Amino acid sequence: MATHTVEPVIDRWGGGACPFAAGWRKVMMWAFIVTDGLLFAGFLASYGYARLMAERWPPQQEVFSISYLAVMTFVLISSSATMASAVVAAGASDRRATTRFVLLTILGGVAFLGMQAYEWAHLIGEGATLTHNPWGDPSFGSYFFLLTGFHGSHVLTGLIVLCVTAWHSAGGRSSANGVEIAGLYWHFVDLVWVFIFTLFYLV
Amino acid sequence: MSHSDSFIRKYIFSTDHKIIGIQYILTGLAMALVGGTLAGLIRLQLGWPGLQWPLLGKLMPVGMPSGVMTPEFYMALVTMHGTIMVFFFMSFVLVSGFGNYVVPLQIGARDMAFPLLNMLSYWIGLLGAIVILLSFFVQGGAAAAGWTAYPPLSAVASAMPGSALGQTLWLLAMALFIASFTMSGLNIVATVLSLRAPGMSMMRMPLTVWSYFISAIMGLLAFPPLTAAAIMLLFDRHFDTSFFLPSGLIVAGKLLPNHGGSPLLWQHLFWFLGHPEVYVLILPALGIALDMLPVFSRKPVFGYRLSVYCLMIVAVLSMIVWGHHMFVSGMSPFSGEYFSISTMLITVPMTIIGVNMLGSLWGARITLATPMLFALGIIALFGVGGFGGLFLGNATADMQLHDTYFVVGHFHLMIGGVTLLGTFAGIYYWFPKMFGRQMSEALGKAHFWLTFLPFFTVFFMQHFVGLQGAPRRYYAFTTYEYLNRTHGQNVVISLVAFLLMAGQLVFALNFIWSLVAGRASERNPWHATTLEWETSSPPPHGNFVEIPTVHRWAYEYSVAGEALDYTPQTVPARQVAVTA
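Protein chains in written order, with the numbering used here: chain A, 4 to 206; chain B, 20 to 599.
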């Protein structure tokens with residue numbers, strides 16, 4: 004093949020490079036986040052549908068301890084802050100700070116999951132199951148376990164990703180890009196919780 | 020780029036997008052054989068209900084005891100035919116198969132963005148295909164609630180034989196398919212955005228790449244709500260929840276304990292996927308047709324930018340029209356009106372795409388090679404099928420036509436026919452690139468006529484069977500007197516359908532014969548401009564010796580004053596003027 008002189012790239016969409024000044028990994032993670040977000044949108048829309056149909060939806064402030072949930076939410080949001088710090092540290096090639104902040108994030112995630120498990124145990128103790136609950140419409144229990152369960156499974160996945168990231172970072176094998184992508188997923192998981200917290204517990 | 024890979028690494032567990040694409044295509048074609056056989060059994064029953072087929076009775080003692088098909092088996096056939104054809108044939112061959120093979124080549128990339136994920140996507144998809152096939156052999160047989168899996172049939176295990184283990188395996192197979200399709204879609208989106216060759220701006224991409232890019236985005240947006248619904252259905256089936264099961268439901272004389280759910284919720288979630296899904300399938304077929312017309316008419320595609328924008332508009336609109344599948348579900352007339360109007364809106368960009376296809380032919384010297392015949396067939400089916408869609412998208416007319424054979428005829432012309440012809444067009448067109456050999460033109464043309472004419476006859480006639488009020492999924496028309504007059508038509512449809520199936524033997528013969536003994540193909544047998552023809556046939560691992568630089572769009576045909584009537588995308592502007 005004859006060698007061609009490469010035309011100067013006029014715009015970012017002109018080919019030869021990713022238009023977002025980011026590698027394909029980040030593009031793929033963003034696309035995945037949109038997809039995964041729509042999974043929760045499906046669950047939340049179904050929950051909205053069921054709640055509109057329900058004759059009497061249980062009063063959340065009597066079922067849940069909103070202050071306990073506020074603490075849970077605060078813990079999770081704080082872990083997003085530490086994650087952001089980890090990304091900044093990784094960008095500055097500060098390996099020790101990166102590892103430290105990722106570990107702090109993991110700590111926040113584990114605390115959140117623990118509090119979630121305690122809440123589940125508490126409600127199950129009061130007689131809530133997937134099919135029945137003492138407060139009214141049975142679908143209340145179904146959607147509670149479905150939504151928090153699937154969010155919890157995502158937190159768990161995020162924790163596994165973060166553990167790998169921390170391990171790589173401690174061993175000097177992590178890239179700023181890799182930490183940032185793990186961070187994207189973690190922020191997404193937190194954002195989903197904000198929606199669940201607002202739509203299921205508060206509204 | 021090593022060529023010393025072992026056979027298994029190179030052809031079985033390969034991360035090369037070309038091998039994965041071919042794996043998808045071959046798997047999908049094998050699944051089509053199964054789906055086609057199911058269609059044959061369906062036509063046997065509809066043409067001659069109650070007739071004894073002793074040999075089939077011996078082969079399928081449960082489904083056809085003493086040679087007569089049971090209604091339960093018929094329902095399983097209808098369900099599995101739809102599921103296999105939509106998800107494991109069309110999605111495999113047209114979307115994942117050609118998407119994998121063609122997209123990286125046409126944008127000048129060495130491979131997909133994430134080859135390992137690509138390989139994983141194929142193997143998980145294959146696992147889904149195996150699970151769906153195995154479900155025929157479990158207690159109760161395969162799923163029988165329709166390809167739409169509406170509850171309560173799909174949610175209550177005791178509702179009918181297929182609602183038992185068969186339905187669970189159906190859900191499992193769908194979960195595997197969705198996982199595989201999502202991975203594939205993520206790869207296509209990341210690849211098209213990030214890995215285009217220098218100079219390959221978005222507006223220089225062939226329409227094939229555009230259609231795959233848009234269809235991948237749609238797949239990523241539409242499948243997750245179905246995943247959510249499938250998870251909830253699994254909970255209903257196995258953990259006694261009532262997401263989709265209403266209060267007071269009586270099945271087989273027994274009151275179910277469920278409370279408070281709604282089967283309509285499933286319909287909403289399913290069609291939120293289901294409607295975009297048909298566009299996920301049909302857009303690549305349209306993209307392929309739009310790209311084939313210029314090659315065989317030796318002039319630029321008509322209205323390139325308009326086609327791109329229309330593909331985008333169709334994608335957006337397709338996400339907000341799902342309710343037109345539910346006009347008879349008791350929805351509010353205001354919702355019905357909204358869904359009618361938004362559905363009618365889709366016909367505008369779709370018609371523009373159709374007119375652009377016709378415009379591409381205007382005043383051209385047309386070569387009727389086999390891929391071109393199939394591309395022209397797409398225009399015909401797209402036009403006629405789309406016209407039927409006008410009736411169905413209108414709530415007032417749909418009240419009459421809903422769930423009749425009019426619907427069956429319509430969607431077979433569109434996502435059955437347009438995609439089938441697109442698949443064949445793609446196979447005949449890219450076969451030389453894939454295997455370095457030409458397929459037989461004579462057999463190819465025979466195959467086209469033996470596909471197009473019977474296909475059109477079968478499904479055009481079904482529109483009229485539907486207009487006479489024949490409901491779909493009914494086991495036999497003999498049960499109702501007013502349907503008896505469709506007997507003659509059903510016999511004709513069945514006979515023509517068998518002709519259609521026999522015609523596919525010509526394709527099988529051509530495919531296998533050409534693979535072994537086809538004429539060796541040159542690098543660019545169709546004298547096309549796109550990048551895949553700039554490398555050898557078949558291309559090496561890594562596709563290009565040197566990543567090409569793109570200097571023009573993909574439709575530089577018959578530039579005035581040039582000796583060649585085509586200018587590949589890699590030819591610099593100082594050699595041949597750039598026209599667009």
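Hints are computed from structural coordinates only; laboratory data are not their basis.
Treat the hints loosely; a few may be bogus.
[Stated by the list, open to error] Heads up, incomplete: computed chain A residues facing chain B, CB under 10 Å, no partners named:
#1 PHE35
#2 ALA44
#3 PHE77
#4 ILE80
#5 THR134
#6 PRO141
#7 TYR146
#8 PHE148
[To be verified] Derived CB-CB ranges, DEER-like:
#9 GLY26/A / GLY349/B: 45 to 53 Å
#10 MET338/B / ALA24/A: 27 to 35 Å
#11 SER177/B / PRO137/A: 23 to 31 Å
#12 VAL347/B / PRO137/A: 32 to 40 Å
#13 LEU524/B / VAL197/A: 27 to 35 Å
#14 ARG54/A / PHE32/B: 41 to 49 Å
#15 HIS125/A / LEU75/B: 53 to 61 Å
#16 GLY507/B / THR160/A: 16 to 24 Å
#17 SER25/B / ILE163/A: 40 to 48 Å
#18 ARG324/B / ARG54/A: 44 to 52 Å
#19 VAL197/A / LEU377/B: 48 to 56 Å
#20 GLY26/A / VAL347/B: 43 to 51 Å
#21 LEU45/B / GLY26/A: 27 to 35 Å
It should be emphasised that the depicted structure is a prediction, and the values quoted were computed from it without experimental measurement.
Quick reminder that beta carbons are idealized off the backbone N, C-alpha and C, glycines included.
Going through the hints against the structure:
1. PHE35: Result: holds, 6 Å to nearest chain B Cβ.
2. ALA44: At 7 Å from the nearest chain B Cβ, ALA44/A passes the 10 Å test, so the hint holds.
3. PHE77: Nearest chain B Cβ about 28 Å off; hint violated.
4. ILE80: Interface hint status for ILE80/A: violated (25 Å vs cutoff 10 Å).
5. THR134: At 5 Å from the nearest chain B Cβ, THR134/A passes the 10 Å test, so the hint holds.
6. PRO141: Since chain B brings a Cβ to about 5 Å from PRO141/A, closer than 10 Å, the hint holds.
7. TYR146: holds (8 Å)
8. PHE148: Since chain B brings a Cβ to about 9 Å from PHE148/A, closer than 10 Å, the hint holds.
9. GLY26/A / GLY349/B: 45 to 53 Å: Holds, at about 50 Å.
10. MET338/B / ALA24/A: 27 to 35 Å: Holds - the Cβ-Cβ distance for MET338/B and ALA24/A, about 29 Å, lies within 27 to 35 Å.
11. SER177/B / PRO137/A: 23 to 31 Å: holds (29 Å)
12. VAL347/B / PRO137/A: 32 to 40 Å: holds (39 Å)
13. LEU524/B / VAL197/A: 27 to 35 Å: Since LEU524/B and VAL197/A have Cβ atoms about 59 Å apart, the given range 27 to 35 Å is violated.
14. ARG54/A / PHE32/B: 41 to 49 Å: 48 Å Cβ-Cβ, so the 41 to 49 Å window holds.
15. HIS125/A / LEU75/B: 53 to 61 Å: holds (59 Å)
16. GLY507/B / THR160/A: 16 to 24 Å: Given a distance of about 59 Å, which is not inside 16 to 24 Å, the answer is violated.
17. SER25/B / ILE163/A: 40 to 48 Å: For ILE163/A against SER25/B, whose Cβ atoms are near 33 Å apart, the range 40 to 48 Å is violated.
18. ARG324/B / ARG54/A: 44 to 52 Å: Cβ of ARG324/B to Cβ of ARG54/A: about 45 Å, so the range 44 to 52 Å holds.
19. VAL197/A / LEU377/B: 48 to 56 Å: Holds, since VAL197/A and LEU377/B (Cβ atoms, about 51 Å apart) stay within the stated range.
20. GLY26/A / VAL347/B: 43 to 51 Å: Holds - the Cβ-Cβ distance for GLY26/A and VAL347/B, about 49 Å, lies within 43 to 51 Å.
21. LEU45/B / GLY26/A: 27 to 35 Å: holds (32 Å)
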